[in-house]
Amino acid sequence: MRPNNLPAVIAAIALSLLSACSTASQSNGAALAKAGQAAAMQMEQSATLSAATYAALKQAVVFDAGFSNDTNDPVTQDFLKQETQIQTALAAYGTLLDKLANAYAALGALASYDASGTFSSAVSNLCGSADNLVSKMAKGGPAAANVCQPLSAGFGQIASAVQAQQVVDASDQIAGVLSTVIPILSDKSRRDLIVMNNQLVQRQIVAAANDLYASGVFSCGPLLTALGAPLGLTPVSGVDAVIDKHPNVKRGCLAVVSATAADSVNSAGAAYDKSVEALNALLDQHKKLKAGQPLDLDTINAILANLQGLAGKLQPPKGK
Amino acid sequence: MPTTDDVMASLNAADQAANDAYNAAVAANPDGDLKTLHQARMKTADALATAIGKALNSDPAVTAAQQALDTATADINAKLATLKNLAAWLALLNNLASLAADLAKFLV
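Heads up: the sequence lines are chains A and B, in that order.
For the first sequence, the positions run 1 to 320 when my numbering is used.
For the second sequence, the positions run 1001 to 1108 when my numbering is used.
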């Protein structure tokens, strides 16, 4: 090799290394964005109380009051008023998860093509929702706004290197927001309050179903079908009339209804905890991306599967 | 003196028990007169919802009130063996009662 070719060779090697690093950052960014978006959307369904849940709560409470011949009970009215106020305070968490999903989608776009403008807008919304959560749940807590800045245009650099650096910076900004909100959502007292409220809402919703089952409105047929399935057995026609004549069978059906209701109430706490676990797992992956280490998305996918299972137990069932 | 978490846990347990009792009564007698039972159940639910709302919305105030109360409690405990003056005791206890009342306002 002639000495005068050496600079060109070094430049080619450097370019090749730079290109490899850029590709790794972008592919890691895209993978993390996909996992993060899926996790944030699932968390929103599993760990927060949606408008549909509050509509179900109101219906259940009003039905229950009518069922008990207690329609004008002022305490029941006050309960619904209190829950409306709590819903307003806790909506900040749902909004944050919604904006987090949007920010991950924008990170994915940024990793695929130059979408820095889209990301800046999405991360600005994310910071706004994080600051709103701080103001609603932890007055005087740390502000997230300072971590959300426009991405550097990187003038004078190779386009792929600029894009790769933007992905790392964007990932860092999402990580900054996660670092702000995770301690707030992990605080034991606050966590207990949110979970208690979720359980309280679940208890009210399943109580109405319990009233109706006890009154004979619902059939135990589907449950008996499930119990007979291992042996290929199916309930006889008019099975509920048979159940009425056999208190033991009715008691068994009621026991399953009660256990399912308790499972539904207890799932609220598990769904919240898994959601915070998912946020922590995402934060770990952001740190790995920044350090140029390979990502481990299996943990996030496992939490996601767990959250999906819990969502099916909550009332009304989520994500269907 | 119970902490905010203790008070909330007690309210939650009371609501769970009231709900279980109501459900058991409905299961045993779905066509019975359930009005009084329903009112009792909703009282515990309302008390819990009200306390959750106050604790969530007034977090710093509750925390400050609880910390002041816990400090006063610790102060009294620390002086148990040394304090002889009745007037000093009375001042400490009055302060404790006042702080307890302040905290109770947030939770009931």
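Just so you know, not all the hints are guaranteed correct.
Lysine-lysine pairs mimicking DSS-like chemistry, simulated, CA-CA at most 30 Å apart [to be verified]:
| id | chain 1 | residue 1 | chain 2 | residue 2 |
| --- | --- | --- | --- | --- |
| 1 | A | K290 | A | K34 |
| 2 | A | K313 | B | K1043 |
| 3 | A | K81 | A | K313 |
| 4 | A | K287 | A | K139 |
| 5 | A | K136 | A | K58 |
| 6 | A | K136 | A | K188 |
| 7 | A | K81 | A | K245 |
| 8 | A | K81 | A | K34 |
| 9 | A | K188 | A | K287 |
| 10 | A | K287 | B | K1043 |
| 11 | A | K288 | A | K34 |
| 12 | A | K313 | A | K34 |
| 13 | B | K1035 | A | K188 |
| 14 | A | K250 | A | K34 |
| 15 | B | K1035 | A | K136 |
| 16 | A | K287 | A | K136 |
| 17 | A | K245 | B | K1035 |
| 18 | A | K58 | A | K313 |
| 19 | A | K81 | A | K287 |
| 20 | A | K58 | A | K34 |
| 21 | A | K245 | B | K1043 |
| 22 | A | K81 | B | K1035 |
| 23 | B | K1035 | A | K58 |
| 24 | A | K250 | A | K188 |
| 25 | A | K81 | A | K136 |
| 26 | A | K188 | A | K58 |
| 27 | B | K1043 | A | K290 |
Hints in this document: simulated from the structure, not taken from any laboratory.
Each hint tested on the structure:
1. A/K290 to A/K34: 17 Å, holds
2. A/K313 to B/K1043: 27 Å, holds
3. A/K81 to A/K313: Judged against 30 Å, a Cα distance of about 26 Å means the pair holds.
4. A/K287 to A/K139: 28 Å, holds
5. A/K136 to A/K58: 23 Å, holds
6. A/K136 to A/K188: 16 Å, holds
7. A/K81 to A/K245: Distance ~43 Å between A/K81 and A/K245 Cα, so the pair is violated.
8. A/K81 to A/K34: 39 Å, violated
9. A/K188 to A/K287: Within the cut-off at roughly 25 Å; holds.
10. A/K287 to B/K1043: Distance ~48 Å between A/K287 and B/K1043 Cα, so the pair is violated.
11. A/K288 to A/K34: 16 Å, holds
12. A/K313 to A/K34: With a Cα-Cα distance of about 25 Å, the restraint between A/K313 and A/K34 holds, given a limit of 30 Å.
13. B/K1035 to A/K188: 37 Å, violated
14. A/K250 to A/K34: 48 Å, violated
15. B/K1035 to A/K136: Not OK: B/K1035 and A/K136 at ~37 Å, beyond 30 Å, violated.
16. A/K287 to A/K136: 28 Å, holds
17. A/K245 to B/K1035: 28 Å, holds
18. A/K58 to A/K313: 19 Å, holds
19. A/K81 to A/K287: 43 Å, violated
20. A/K58 to A/K34: Status violated; Cα separation ~36 Å.
21. A/K245 to B/K1043: 36 Å, violated
22. A/K81 to B/K1035: Cα-Cα ~21 Å, so holds.
23. B/K1035 to A/K58: With Cα atoms ~18 Å apart, B/K1035 and A/K58 stay inside 30 Å; holds.
24. A/K250 to A/K188: 41 Å, violated
25. A/K81 to A/K136: Satisfied, since the Cα-Cα distance of roughly 18 Å is no more than 30 Å.
26. A/K188 to A/K58: 28 Å, holds
27. B/K1043 to A/K290: Status violated; Cα separation ~52 Å.
Checked against the numbered hints listed earlier, the structure breaks hints 7, 8, 10, 13, 14, 15, 19, 20, 21, 24 and 27; every other hint is satisfied.
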